[in-house]
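If you're matching them up, the sequences are chains F and Y in order.
All residue numbers for the first sequence refer to our numbering, where the first residue is 2 and numbers rise by one.
All residue numbers for the second sequence refer to our numbering, where the first residue is 11 and numbers rise by one.
Just so you know, these hints were derived from the structure itself, not from any lab.
Please note that the accuracy of each hint is not assured.
Unchecked claim - Residues from chain F shown here face chain Y by an in silico Cβ test under 8 Å; the list is partial: (1) Tyr25; (2) Arg36; (3) Asn60; (4) Ala63; (5) Glu529; (6) Pro825; (7) Asp827.
Said to hold, decoys possible - A few chain F residues that don't get close to chain Y, going by computed Cβ distances all over 12 Å: (8) Leu13; (9) Arg26; (10) His27; (11) Asp56; (12) Leu752.
Everything numeric in this text was worked out from a predicted model, so none of it was measured.
Here a beta-carbon is modelled for each residue, glycine too, at the ideal position from N, C-alpha and C.
The chain contents come next:
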Amino acid sequence: MTPALARFYRALLYLYPSSFRTEYRHDLTAAFADRMREHSGPLAPLRGVTMAIGDVVPNALAVHWEILLQDLRYAVRSLRRTPGFAVTAVLVVALGVGANTAAFSLADYVLLRPLAFPEPHRLVRLWEQTPGYSRMELSPPNYRDWKAMATSMSGIAAFTDDAMNLVGVGEPRRLELTRATPDFFQVLGVPAFAGRAFAPADSIDAPVLVISYPLWQTQFGSDPQIIGKAVRLDGSPYTIIGVMPASFRYPDRDTQAWTPLVLRERDFANRSDNYLDVVGRLRNGVTIARANQEIGGIAAQLERQFPKENEKTRGTVVDMRGDMSERSRLLVLALCGATVCILFLACANLASLLLTRAAHRTRELAVRAALGAGRERLIRQLVTESIGLAIVGGIVGVGIAAAALPMLARLVPAALPTADRPSLDWRVLVVAAAVAVITGLAFGVGPAIGAGRSKALEALRSGARAGGGRTQRARAVLVIVEVAASVVLLVSSGLLIRAALRIQATDPGFRAENVLTLRTALPLSKYETTAQSGQFYDRVLEGVRALPGVQGAAYMTGLPMVMKGGIWPATLVGDAVIRSEANSASLRFVTPQYFSTLGATVREGRDVAESDAPASVPVAVVSESFARRMWPNESAISKQFRFVFASRTVVGVVGDIRVRGLERESEPQVYLPARQVPDGVFGGYQPKDLVVRATVPTETLLPAIRRVISGVDAEQPISDVRPLADIVASETASRMTQLRVLEVLSAIALLIAGVGIHGLLAFAVSQRSRELGVRRALGEQAGSIVRRVLREGMTLAVTGVAVGVFVAYLAARAMGALLAGVQPGDPATLAGAAALCLATAIAGCLRPARRAASVDPITVLRGD
Amino acid sequence: MQFDRAEIDALLPLPPATFHILLALVDQERHGYAIIQDVEARTDGELRLSAGTLYRSVARMVEQGLIAEMTKRPAARLDDERRRYYRITPFGTAVAKAEMARLSQLVRLARARGLTPEPT
């Protein structure tokens, strides 16, 4: 055998476990050399290399495998003897892995997973930007110009929400509809599941409808002959030409059908009427930055061209994946942060458990070492055990995650255009497995190496006591980490609880209790004029107000917190129309009694009245903030301003209403009488929401209200029946879910930290019973020993609290947007969290301290 | 010497390499390479143990108590000090016999069914 081949063979031997290699290295080399002596010739070295590889690789694997089986058998036997340890360790890992798996599934679903479109990274949303509004829909003329001028995109399509009444197929039903330009499906790149999606050739003259998969299943019973069927929407015939696949949920998950949006010349008249949502597909290779640059240039050019309407109007292009609110993103990220804390805690506790176990097993390990097991074999045995525990914990953890996911699904923003719910898939499982194995490895190796240290073993062989200072120090660090992680979790959930309380305490500007809302959207085909719809409102309101228990009823456009838009510029008569936040107001049409029904206060002047007729002077009721802004320091009554194409006279001032929800500042509001809606202009603003205040439980009124409405128009569907209180509550629903999750996680954290402190001190006391016994024998009082142990525990706890408060402050600053104005360094929350942690620490210290004090010096000294 | 029947049965059937190594050590103690050569000669070159396979088996067999390392070495001039010699233990002999009985029983069963081996 050539020296080179011998070296190669010896190098290969490193594939064997070191115990085996140490034992048989010489024999293996000798046998291999003997073998090679049988071969000669020019090909002998090559043959030698293949023989060496063929010999060593499979056998080394086999030896490893055999050792693994042996170690596993041993681990099972040894864990069976200590079921308490085994169950605790598995549960600790399961909590860590479960929480993280669930959080990752959610984060993956909300933030990472590609949307269900072909080449989703090329899909973007386009928005106008005006001062105060970072994302504003486009007006039709701007849309037309952007589309004509942009070269960075292969397609741009617009859409807008609508709803129509489906009559004639079962119960009358309200359809959530998207009107989209004919190239909509082409831009998204999704073909129909059955039939076809509409294409640029379809126009409004031949009204066609594409329906969603769920609608096809529920309303049409999965009818295979659906294509070509005619249905009536708002009284007009539509032909169903296609069914979209189940995975297609765009623009949001509630969309039930799509119909072509054909923009006519008159739609392009107003550059300030922003209602088009716009989606685009980037050309291959074009970056978002470049598209942004181009749209910016186009917007600037249009501003020069239309200095009045497009004043300060910019454009922005955002990745469709990232087109969600900062809050939705933060909710998920905060959850991930919390679960990482839990993982830290779980790992620290696992390490702590393993350290204790290793210390308790030193005698057993010493015996095995004495019987010839090498250090590497002992370490390997311990690591196999910890990884085994981690894997079992991981499996239980995935079960926990699967159980927790349905609850977490409520944190998914409704606007996310993906199908159904987050689920555990192979990627999530890979992450879970990795977390489990890394936990087992990272936190099993340290204790194993510590236990396998030859010094430790030497000490044992000579019969010394177990557990060196190093173990104690390692555990002390772990306790500090545990306390710190608990503080972070407690502070975060404390701050979020305060934020939620503050939000819930926000005055919405109305009283939501005992108010029922429902929608009767009148089809334009049937109610073309304001007089026609006015008759409907009058008759319904008259009937509803006559019902026993009803205090008030009114119709209006777009309920607060449901319809957040409808923003128009308002100016003093004679001023130029400038689009900016400084003169925006939200427009609502209302019938008389709206304010009293909603419980909003009329501060000055009067409500909208029956006498505000189409022919009389256009009047308006405005909110306090509007009045203050337009006419500071004077009464607004009888003042005039320009708003939506007419000059209006203020007849009343009412309290402000949080139109945009509890967490956002809202524009001032302007209310116009429903009777003064000009015919055929404000289709979308027609009052359609009925609000009813009652002294009886509102749900008991519903059958009677239904009878009243069907008495007026039997074909009119009723939709969106909801108590107003539910609408307000849903504003904080995702927050509440997140809080609940955080509360559970904090409780777990606190528990784990308490157990950690208790475990450490109990261990330390048992290790030092001899020292404590000597101290007692020398006359130290029990009280003094208790104080000594308490001091030791509390030093760690206080250090952990200090670290935790610092980290918590940084974390709170990062999630500032969720805190609704609560300061990240809120002293009450920080103090509360610190106190709670310290109390837990004291509770954890008490038992070990009592044990320490009750050490009997005689027994201990006799033991020597 | 009597051995626990269950202890022996737990090891049966023996892997072929293990059985051959036991056979190689029945008449005399040998070092590793000598075992390889003996097995090869007895099987007409049919079974060539690689060094790795041999020592993997040896390690396991030592642990199972089938063979043992010699503490007494052959006379110095016959010895190569790198090598270790192995001998079969009484337990190893008992296990080899049990395996032999198992195999003959199998062969008897096959013959009773009228099966005869193909002439080679």
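Notebook entry, point to check: Honestly, which of those hints from before does the structure not fit?
Noted result: 5, 6, 7, 8, 9, 10, 11
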